[in-house]
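**Student:** First residue of the sequence shown? That's 1 in the UniProt record's numbering, and the numbers climb one at a time after it.
In short, the hints are calculated from the structure, not lab data.
Any given hint could turn out to be false.
What the hints assert, rightly or not - Dumping the calculated DSSO-like pairs for lysine-lysine here, alpha-carbon to alpha-carbon at most 30 Å:
#1 131 <-> 493
#2 274 <-> 140
#3 86 <-> 426
#4 13 <-> 140
#5 493 <-> 274
#6 450 <-> 378
#7 17 <-> 44
#8 493 <-> 450
#9 131 <-> 103
Said to hold, decoys possible - Label pairs and their computed distance ranges (CB to CB):
#10 107 <-> 198: 41 to 47 Å
#11 460 <-> 123: 34 to 40 Å
#12 145 <-> 169: 25 to 31 Å
#13 508 <-> 12: 30 to 36 Å
#14 98 <-> 31: 41 to 47 Å
#15 157 <-> 508: 46 to 52 Å
#16 10 <-> 97: 38 to 44 Å
#17 362 <-> 508: 31 to 37 Å
#18 291 <-> 520: 39 to 45 Å
#19 472 <-> 422: 51 to 57 Å
#20 373 <-> 440: 35 to 41 Å
Glycine included, C-beta positions come from ideal geometry on N, C-alpha and C.
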Amino acid sequence: MSIPNQIPLLKVKQWLKSWELSDWVQEDLPEPPHEFYIASVSLKTLRSLSGVSRRNIDDRKAGEKGAGYQRAHQSSRSKNIARYIKYGYPLSNNPSLDPEEHKTLVHPGWLPTSILVNIIQPGETRRRGGKDVALDKEHKLDIVQNGAFSALDIPDYFKSGNRVSGKNVLEPIEIIDGQHRLFSVDELGNDIEDEEYEVPVVFFNGLSESWQAYLFWVINVEPKKINTSLAFDLYPELRSQAWLERGEGIKVYQEHRAQELTEVMWRHELSPWKDRIELHGNRIEGHVSNAAFIRSLTVSFVRRWGADHKVGGFFGSIDRDGQERVLPWKRSQQAAYLIACWTHLHEAVKDSGAPWVKALREESSGTQRTLNESEFIKNVAFSGGNTLMATDQGCRVILIIFNAMSQVVFERLGLEEWEADEVSDKPDDEDVTATLTDFARLKAANAFLKAISDVLVNSGLDWRTSSSKSLNDNQVKTQAAYRGSSGYSLLMKECFKYLVDSNNKQVSDAATLASRLQGIA
């Protein structure tokens, strides 16, 4: 495949005086370009220049990790588009029909709507495989002016059909909207010749990532083309946009995601919370309410970092060196991480000989157990009626701690590089199980979660509720302080005190920073 030396561009000027009311003081939303460009480009050429990067195909086949990330890609959708391009509708929706036997159903597969792209500027960086990667000078695209005409100057590197690939390189173009149409090229292979099929393309030049997120929102979400919560998965950068705080968008994402994760925790066979979250308002010892678990997630893992809360949500947005960053995990990864956190805590309690654990075991020793009880239910110091770990207060505090501790060290744990290409975007039980298996290979992350759990269980903090029969009068008064709304903050302070004093330096250092950000230290 050969690529032309230049692609003709039509400059479109769009700027109003009223836009100048903005002061453009936000670093991520600077004054945008006053124009964009329109062109007709071969779909194959655009694919060669673009960086929607669903990880290099060879890397995927080799099972190689950390090949870079942008947005979630649904291969089935690109396959449908590829069939549509080749045979049109309705054969695109009927893959079982042979076009040779249904020639009257073959129609044009037109794509008349524009693909939106941004030209990355020299010196700009993007996150790839957990690292900042800059555009190579030999890969940069230039818009050149020749009188009244404009053109996109293509570097020699691409003219023979080369594609940028590798973990530490950046493609010169990134897709704002239209990635599935673009990926259809990979499904078509040699069935499409570059000179035969062109698509309209809108080129922005040097648009910041936040402006790109804004464009994606106003094109796809505001007109109700796609579900609001889904948009935050397709375009994770939306989770960190301050301008969305004024509307319902991020709130919808947070509430929907918290509900979805709560349901996974309730139903998944490997979840320590399986059947222990009450969906219908019943009050059962050792269970927490659905509403309480959702609230606990919205104040921990799915919250947004901002001026009023210096610790963000690991699944929302977090602060790194004064810049908001989003961890672009799939929902199955998010669910698996929560299950892993609680599983490590369960294991720590199960293996513990701490006085409070022994006391709760002795309390329940006369209780008749059923044969089909899970190991989580049998672990009474973890899930019984007299442990704070199975109360609203304990659940919230534990989630806040794992959230805060994880995000202050996530780069050192390899969590930003963790990708799950083999599972779908939906947190189905099968995908969550597969993701849990994959997460188990992350030794540093699991060791950290295990160390946190060990401190919480074995360092002297008493997790018994005030109703425990093994407490003396003084202990009852002490444990009663953890009840009610004030109990949350008191229990959290106690937990962080033990974490800061831990002999494990990584845990102690992380807890010192996390507690300071939480306003505790």
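**Student:** It remains to establish, for every hint, whether it holds in the given structure.
**Tutor:** These are the hints, each one checked on the structure:
1. 131 <-> 493: Violated: residue 131 and residue 493 sit about 34 Å apart, past 30 Å.
2. 274 <-> 140: 52 Å, violated
3. 86 <-> 426: Measuring from Cα to Cα gives roughly 29 Å; hence the hint holds.
4. 13 <-> 140: Given that 30 Å is the threshold and the Cα spacing comes to 23 Å, the pair holds.
5. 493 <-> 274: 28 Å, holds
6. 450 <-> 378: Given that 30 Å is the threshold and the Cα spacing comes to 20 Å, the pair holds.
7. 17 <-> 44: 39 Å, violated
8. 493 <-> 450: 20 Å, holds
9. 131 <-> 103: Violated: residue 131 and residue 103 sit about 50 Å apart, past 30 Å.
10. 107 <-> 198: 41 to 47 Å: This hint is violated: roughly 19 Å between Cβ atoms.
11. 460 <-> 123: 34 to 40 Å: For residue 460 and residue 123 the Cβ distance comes to about 52 Å; the hint is violated.
12. 145 <-> 169: 25 to 31 Å: 28 Å, holds
13. 508 <-> 12: 30 to 36 Å: 57 Å, violated
14. 98 <-> 31: 41 to 47 Å: 55 Å, violated
15. 157 <-> 508: 46 to 52 Å: Given a distance of about 49 Å, which is inside 46 to 52 Å, the answer is holds.
16. 10 <-> 97: 38 to 44 Å: 39 Å, holds
17. 362 <-> 508: 31 to 37 Å: Given about 32 Å between the Cβ atoms, the range holds.
18. 291 <-> 520: 39 to 45 Å: Once the Cβ atoms are compared, 26 Å apart, the range 39 to 45 Å for residue 520 and residue 291 is violated.
19. 472 <-> 422: 51 to 57 Å: Holds: the Cβ-Cβ distance is about 54 Å, inside 51 to 57 Å.
20. 373 <-> 440: 35 to 41 Å: 25 Å, violated
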